[in-house]
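So the sequences go chain by chain: D and W. Mapping the first sequence onto numbering that gives the first Met the number 0, position 127 (from 1) lands on 126, and the numbers just tick up by one. Mapping the second sequence onto numbering that gives the first Met the number 0, position 103 (from 1) lands on 102, and the numbers just tick up by one.
In case anyone wonders, no lab produced these hints; they're calculated from the structure. Among the hints, a few may not be true.
For each label pair, taking beta carbons as the anchor points, the in silico distance ranges come out as [what the hints assert, rightly or not]: (1) D:Gly129 <-> W:Val144: 39 to 47 Å; (2) W:Asp176 <-> D:Glu258: 35 to 43 Å; (3) D:Leu65 <-> W:Pro86: 43 to 51 Å.
Dumping the calculated DSS-like pairs for lysine-lysine here, alpha-carbon to alpha-carbon at most 30 Å [claimed, not checked]: (4) D:Lys10 <-> D:Lys95; (5) W:Lys33 <-> D:Lys326; (6) D:Lys335 <-> W:Lys96.
Here a beta-carbon is modelled for each residue, glycine too, at the ideal position from N, C-alpha and C.
What follows is each chain in one-letter form.
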Amino acid sequence: MIKTLASRIWKFFKSFQLTIVLLACLMALVVLCTLAQVEMGTQGAVNAYMRSFFVKRQFSFLPFPLPVFPGGGLVGLLLTLNLIAKTLDIQRSWTKAGMWLVHSGLVVLFAGEFVAGMMQVDTNMSIEVGQTVNYVQSYKNMELAVIDTTDPTWDEVYSVPDTLLAKGGSIAIPGTPLTLNVKRYFPNAELSNLPPGAPPSLATAGVGPGVSVVERPAVTNDNEINTGTVFVEPVAGGRSYGTWLASMALGAPQSFTHEGRTYSLSMRLRRQYLPYAFTLKQFRHDVYPGTDIPKNFSSLVQVVNPSQKESREVLIYMNQPLRYEGKTFYQASFGKNDTLSVLSVVENPGWLLPYVSCVLVSLGLLVHFAIVLRRSLKRRQDKKEG
Amino acid sequence: MSFVAKASLLAGAGLLALAVGCNRDQVSHFRVPKEAVADHPDHPGHEDHAAPGQGMPPAGGEMPAPPRPSGQGSLKWTLPKGWSEVPGEGMRFATFKSPVQGKNEATVVVLPGAAGGELANVNRWRGQIGLGPIDDAALTAARVVVKSKAGALNVYDFTSDGQAKSRMVAGLISTPDGNTWFLKLTGDAAPVAKAKPDFMRILESLRLD
Chain D
0 MIKTLASRIW
10 KFFKSFQLTI
20 VLLACLMALV
30 VLCTLAQVEM
40 GTQGAVNAYM
50 RSFFVKRQFS
60 FLPFPLPVFP
70 GGGLVGLLLT
80 LNLIAKTLDI
90 QRSWTKAGMW
100 LVHSGLVVLF
110 AGEFVAGMMQ
120 VDTNMSIEVG
130 QTVNYVQSYK
140 NMELAVIDTT
150 DPTWDEVYSV
160 PDTLLAKGGS
170 IAIPGTPLTL
180 NVKRYFPNAE
190 LSNLPPGAPP
200 SLATAGVGPG
210 VSVVERPAVT
220 NDNEINTGTV
230 FVEPVAGGRS
240 YGTWLASMAL
250 GAPQSFTHEG
260 RTYSLSMRLR
270 RQYLPYAFTL
280 KQFRHDVYPG
290 TDIPKNFSSL
300 VQVVNPSQKE
310 SREVLIYMNQ
320 PLRYEGKTFY
330 QASFGKNDTL
340 SVLSVVENPG
350 WLLPYVSCVL
360 VSLGLLVHFA
370 IVLRRSLKRR
380 QDKKEG
Chain W
0 MSFVAKASLL
10 AGAGLLALAV
20 GCNRDQVSHF
30 RVPKEAVADH
40 PDHPGHEDHA
50 APGQGMPPAG
60 GEMPAPPRPS
70 GQGSLKWTLP
80 KGWSEVPGEG
90 MRFATFKSPV
100 QGKNEATVVV
110 LPGAAGGELA
120 NVNRWRGQIG
130 LGPIDDAALT
140 AARVVVKSKA
150 GALNVYDFTS
160 DGQAKSRMVA
170 GLISTPDGNT
180 WFLKLTGDAA
190 PVAKAKPDFM
200 RILESLRLD
């Protein structure tokens, strides 16, 4: 009974019908995702359609979004399993070596997209001329930065990601006596001065009591940033330090002191600190003579990495990125009268996989061609002799 | 390869793909050298022109900050020698840098109306340096009135308990447009004590625009 069921599942996974249905789903997803980019922006649409297991839709009569179509993640996973099942079914003999290589190459290609979808991190680094920066920051994701500023030379930065804030509840900050009670989190909000007669704010400490917060729908467009806002209550040693308002709209961090240690709270774009630093020595924005048409953008940076005892100059310019310590730094944007350079930073642990896949598929096709050619020539020879 | 081995391999591949997809949210910790106070753009591209053909989105403009008082309700001050002023962001109107070495900083924050009342604000400040709340009687006892051209300021000076002492000297004043201005000098007890005479001169120099 179990064997029959397993055998049916196996048959289902290696069927060509499944391949056709999944490829059709993939095509539909590509069209839907392209159309959705108009409203959701590139990243929003890719996340909703391609990098999810289900495409979900919110209906007014339901409190939660309902899956309406398989997402790119699920289709890709099934397609990979389908491909693996098919590959395992290929006869294991030298005559099929080419087919094995081609199928393995395709599996590696799918795996590469999975690794990119799940593990690729897109961030950016903004540096002004003369400035040294040792972190990259996210385009969209935010964090509540709890910073112990007590030490005169070092800051202890504890980053609470927005995804954790959205879950609410109590968040213990490891390595400190602090626990943050998340009272309310807004993925996007609008802040204004609290008008007279308005209901009091949730905040009881910091600048929050004088600020009114109105929730806004979250934005996913490429050129918009959410104003993430949170009401948190730091508790340490059984004592509450009041409820604080932290928001992307509040510029200055707010702080409190517990047993001689000062902690500041601020909402900001999520940062990843690096064990090395970049100093922007020069930014060039060349144009074609007599026009405003850009010819070249380049950033001359000094890369200082104390752990490697390294200090060298690198020129990053369009289509000539710097690949360093697993990250790729591209020249992406500029500003402030050509004194600010913005580098787009991509970290993809699986960046080599598409190349490996291409080599495997090409090699497989060549091997298969050679085998078929040999067989064909042999047949022709046999015919002549026969 | 047997049927069981094939099925196990397939199931293993599926589970591996799902495991890669599980992304855990957790608090992360970094120890970083102190950042120099600079107008580093938190939102890249705020006045940028994206380089053609590149993937950098113009990352959405300035954040909306509460409107700043200007004209009749705005306060002016004179800074003592060696002090400098950095315009504030968001709710902070301005930041003063003193020439005194060590951790100390003076800030100006403006909030609408009574901003919760004097006792609530004083207790909030006390909370920030780890001191417990006080009542009305203790508030009156702690209050020092400083006269300025903009009117009388109520000034408080608190020092925390514990080994590493923090200190806060803070004054508040209401302006005719209904706003309340808070001028605070905070930091470690020793540098704040050194900077306090100059800070008190700033409070005395306050005048309406």
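Against the structure, the hints come out as follows:
1. Our hint of 39 to 47 Å for D:Gly129 and W:Val144 holds, since their Cβ atoms are close to 46 Å apart.
2. A hinted range of 35 to 43 Å for the beta carbons of W:Asp176 and D:Glu258 is consistent with their spacing of about 40 Å.
3. Here the CB-CB span from D:Leu65 to W:Pro86 is close to 49 Å, well matched to the stated 43 to 51 Å.
4. Between D:Lys10 and D:Lys95, the direct Cα distance comes to roughly 21 Å. Compliance with the 30 Å bound is thereby established for this hinted pair.
5. Proposed proximity of W:Lys33 and D:Lys326 is supported: the alpha carbons are some 24 Å apart, at most 30 Å.
6. For the suggested pair D:Lys335 and W:Lys96, the alpha carbons sit about 25 Å apart, so the restraint of at most 30 Å is met.
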